[in-house]
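Asks: Chain by chain, the residues:
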Amino acid sequence: MRQLNNILEGFGSTVLLLFRSIGYLPTLPRQFGRFIEQCYLIGYTTLPIVAILSFFIGSVLALQAGYSMQNFGAKQFIGSLVGLSMARELGPVMVAILLTGRVGSAITAELASMKVYQEVDALQTMNIPPVRMLVMPRLVAAVVMVPVLAIIANLVGWFGGAIISKYTHFIAIDPPAYFSALRRFMEFKDILNGLIKAEVFGVGVILVCCNIGLNTRGGPREIGASVTRAVVTSLILILVLDYFVTKALM
Amino acid sequence: MNNFQQTARVGLFFILGLALTWVTFETLRGGKVFKDQGYNLIAGFTTLKELKDGDEVRMAGVKIGEVERTRLAGRRAEAVLRIDHRVRIKSDAAATIVMAGLIGTNYISIDLGTDAAPDLPDGAEIKTQATADLNSVMSQIGDLGKKLETAIGDLSGALSGGKDGKTGIIAKVDLLITENRENIGKATANLQEITAKVNKGEGTLGRLINDPKLHDELVTTLDEIKKGAGEAKNFIANAQKIVDQVKAGQGAIGALVFDQKAGEDVKASIANLRAVSDKIARGEGTLGKLLSDESLFRDAQSIMKKADRALDGLDDTGPITAVGVVYQGLF
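Heads up: the protein sequence lines correspond to chains A and B, in order.
Take the first sequence: its position 31, counting from 1, is numbered 33 in our numbering, and each next residue is one higher.
Take the second sequence: its position 288, counting from 1, is numbered 291 in our numbering, and each next residue is one higher.
Same shape as in the complex, but just chain B (with noise of 0.2 Å):
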């Protein structure tokens, strides 16, 4: 092999090592290697968390450009985004950090905004959203687990007392049977005997329980119950449209009780009546006349019985001297 095509040949290889390196050193550093025309937005954290350069940015869960840088900015750290140029991003959506994977790897979240909202320009800054990040929802779960804990030992407590033992629930229910264990005894051996007379069929109870006649009477007097409470049901009803009737000022009792004018009218006539019952009592007018002096039911019954006699006469006489028989008994 002559020196130059092995000089050539250590050259093409070291120009290839220094490629690949340089490949490798752009693909690893959150860039391209050919870089795409995207435009920058920058957003504001009080915390990047565990965010770092190259980590993907995503809208709608769909990648849309990288981190290009992180940096402290005053008080709060700053993420510069690169977005892809394809990509319009609204002035109203929202940037998130958001967690992966429970081991730390992170990505910015945009969401997609309104449509009505304008574009944001290259260099803008993007509104950020701050979430909570594991350690926070841990040291929450810490606490409640604290508390869960302070719960179950007070309920311990209260459940076994004291160091003596001798407050707590369990000690005064145990303490509580031991004292009355006799008429627990007394009381349980009742149960028994109640029960086994129950199960033989005696007493009233026993032999509902076991005597299938006085069950179907039960059952049929129960029937009967409910037919009645229908009926009465179908009574109250009636009784409620008739009420109601009456509260619409409905029908005649409706109208007496509701009708201001049927009312008066009604007073007007009982007030009448009682003047005409007076009148009467007094003797004046026909109708007390009639019923107080005695002359008039003389002359009525001195008419009637010449009435009587005109009309024997008429039996005689024949029809056409009737009307003169009447006029001479009248007159």
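Isolated chain A, as found in the complex (with noise of 0.2 Å):
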């Protein structure tokens, strides 16, 4: 019972933290600066990790594709279920992933420190609420950088994929009939449909690991906690959206 209190009192905390950084969005530009920040640790400095994960998962994609499918003739299709399964799932779930990792828990990690060390409520003494200063610059980051992290990571996995099809001698499928096997079979839609879901996980991950940054109590042994427990309700948090969301863009 108490743990389910605990959720409910987690999910509540959540939406009422979105709802409060919309309500502080006016004030973005006397933070530009700060946004600026954010995007460059959200999107430029997890490029290069989404780029290498992204040229692998693809790459792997196609040789699983390509080993099952040699069986019964359908390696010409490698594109498409490249292509599909990057735009429209792996995609997005891979770069929230790794926003979790990579950029969740370094904020949970900021804000608990900040929340045990008291500088949150220092903020809240000179009259500057925490979720203006420290979670609305964030979420906007995220809000804006996660789709092009997204798209990137679309491209470099189709790309991998692409380069596994043609130097893989049990497949041999060169570029110009991978390019077009991935065209024939998707639209725009696809990739909207990626772009839309990773971010709402980039919502969902970021809010989530403020609130429980921000949410942090005890000593600095918490924040450790905090960052486990934010990076555990993240990973969570993508794959039940995934479905709920997959099936409402179906």
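A hint or two may mislead.
What the simulated footprint calls covered on chain A by chain B, stretch by stretch (three residues with Cβ under 8 Å from a Cβ of chain B suffice, anywhere in the stretch; the number is not a length) [said to hold, decoys possible]:
1) 39-45
2) 153-167
3) 213-225
Mimicking BS3-like on lysine-lysine, the simulated pairs with C-alpha atoms at most 27 Å apart in a straight line are [claimed, not checked]:
4) B:Lys175 x B:Lys55
5) A:Lys191 x B:Lys230
6) B:Lys282 x B:Lys292
7) B:Lys66 x A:Lys168
8) B:Lys216 x B:Lys244
9) B:Lys55 x A:Lys191
10) B:Lys250 x B:Lys236
11) B:Lys66 x A:Lys191
12) B:Lys250 x B:Lys264
13) B:Lys244 x B:Lys230
14) B:Lys236 x A:Lys249
15) A:Lys168 x A:Lys249
16) B:Lys66 x B:Lys55
17) B:Lys189 x B:Lys175
18) B:Lys130 x B:Lys93
Hints are computed from structural coordinates only; laboratory data are not their basis.
Idealized CB from N, CA, C, for every residue including glycine.
Relying on the hints, combine the two individually framed chains into one complex.
Replies: Spelled out as structure tokens, the structure:
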């Protein structure tokens, strides 16, 4: 019962955090510097790991698909399979997971330490709402940067699949044929679908991480616990949201 | 890192994201990032089947454009085709929707048309031909299966009969065998006996099969018959040749049978012969008298006697008086 209460409490406070952040949106121009800084952290610094991971995910998809499909002569559809899988599912989910691991954990650690060391209390004492200064710029930065990361993840994953399809001896499909198959079964709405998912995941992850960070109680040891909790909660949230968003967008 | 650099990097990153999104959008929408200078054609069909925006347009298997968009136009569906500006399509070329794979990939195929036909201009409507799709083919196969099933059912019914099982062919054959079991047994025994005899060389057939001498004689006889038949063939061929010649009016018989004039001549000759023989019979004319008048015979006999005597005298008097003797003897 207590666990359930905790879950509901966490859910409610996260939703409230979202609305409060939206309420502080008009103050964004005054915090443009902070917003750019968060964009840099969320987008620019996450790009290399997103690119590397997406490349190998695309490659492995092509490899597995080629291995499975060679038995029934459907190798020419590898492009479609990799393209659709990356755009609709793996691209957004992988970006969200990386965001959780690389950015979400950092946000939780930062906010939890600020909370533990009473910096948040100091802000409140100075009549500066912590949400306005600490959450809203991060949320907007995530809204702006996550789709960019997702589209890059898609393209890099497609190219990874194309390279593997060409140079694996039992697949041996040239890039033009690969991309032709990819285009044949894909529409822009598939990409858009993935971008919307990435956006939802990004906002969810940032909100959860900020919320857990700001709700940290106790001493420095709680910082680590909060980070762990934030990451685990974010991962669960991503997969649960994935189902519902996919269902809603079909 | 100073603030300006950070902002520039974020800006660059954001612009990169927007650019990639735009490129993906343009590519997947069927167009190209940089639009080529193509021209449009309209292809109207009763149904576009699985055709969708961005599908290929091919001429003789070579990609020459794409389906720019699909739309409903009144009671038909239209596909707007974007054709490469380097490719000209003749006005008598026809477009068909072709299935590229079993999982619903389609493209538009345009045939080459004829050289003499004029080129289609931008925005023109191209002729189209409807093709059978997989569903209709499968439906026909289904109908065929039903008919086959009915036919097999009928055949099975004919063989096995109705529910009582007494009217079927198999039942009838079974009944026939059951009723005639004894006769069939006897016939089989007789057949076995006959074959045993034949095998042992008994009887004509047995000896024919087992005796090599009889076999040789039979072969010789057959050879002679063959030879005789050959000769008969030659004879018939010759006879045929003669008949052909006769028919062609060649030779005496031919002329006789087929020449009108010769026939009439023969008829006239026979008539003359009959008239002459009648006269002879009546004793008319020299020959008739010769045959019927006895005095003439007697005269001739006396002349012959006289001649004989004259010849005797001639032997005596020699050649000088021979003429005179003959003269005297005769007159």
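Asks: Indicate, hint by hint, whether the structure satisfies it.
Replies: Status of each hint after checking the structure:
Look at the stretch 39-45 of chain A against chain B: 4 of its residues bring a Cβ nearer than 8 Å to a Cβ of that chain, three or more, so the hint holds. Remark: the stretch 153-167 of chain A is confirmed as covered by chain B, as 4 of its residues place a Cβ nearer than 8 Å to a Cβ of that chain, reaching the required three. Look at the stretch 213-225 of chain A against chain B: 0 of its residues bring a Cβ nearer than 8 Å to a Cβ of that chain, fewer than three, so the hint is violated. As the CA atoms of B:Lys175 and B:Lys55 are separated by approximately 63 Å, the hinted pair breaks the 27 Å bound.
Using a Cα cut-off of 27 Å, the hinted pair A:Lys191 and B:Lys230 is violated, with the two alpha carbons roughly 94 Å apart. Between B:Lys282 and B:Lys292 the CA atoms are separated by roughly 10 Å; this keeps the pair inside 27 Å, and the hint holds. The hinted pair formed by B:Lys66 and A:Lys168 meets the criterion: a straight-line CA distance of about 22 Å does not exceed 27 Å. For the hint linking B:Lys216 to B:Lys244, the alpha-carbon distance of about 41 Å lies beyond 27 Å, and the restraint is violated.
A hinted pair counts as satisfied when its Cα atoms are at most 27 Å apart, and B:Lys55 with A:Lys191 qualifies at roughly 14 Å. Note on B:Lys250 and B:Lys236: the hinted pairing holds, with a Cα-Cα distance of about 20 Å set against a maximum of 27 Å. Simply put, B:Lys66 and A:Lys191 have alpha-carbon atoms about 25 Å apart, close enough for the 27 Å limit, and the pair holds. At most 27 Å may separate the alpha-carbon atoms for a hinted pair to count; B:Lys250 and B:Lys264 meet this at roughly 16 Å.
Proximity of B:Lys244 to B:Lys230 is assessed by CA-CA distance (about 21 Å); at most 27 Å being required, the pair is judged to hold. About 96 Å separates the Cα atoms of B:Lys236 and A:Lys249, which puts this hinted pair outside 27 Å; it is violated. For the proposed pair A:Lys168 and A:Lys249, the alpha carbon gap of about 34 Å is over 27 Å, so the pair is violated. Distance hint between B:Lys66 and B:Lys55 is fulfilled; the C-alpha atoms sit about 16 Å from each other, no more than 27 Å.
Of the pairs offered as hints, the one joining B:Lys189 and B:Lys175 holds, with about 21 Å between alpha carbons and a cut-off of 27 Å not exceeded. Distance check on the hinted pair: B:Lys130 and B:Lys93 sit about 10 Å apart at the alpha-carbon level, within 27 Å; holds.
Hint check: violations occur at hints 3, 4, 5, 8, 14, 15; the rest are consistent with the structure.
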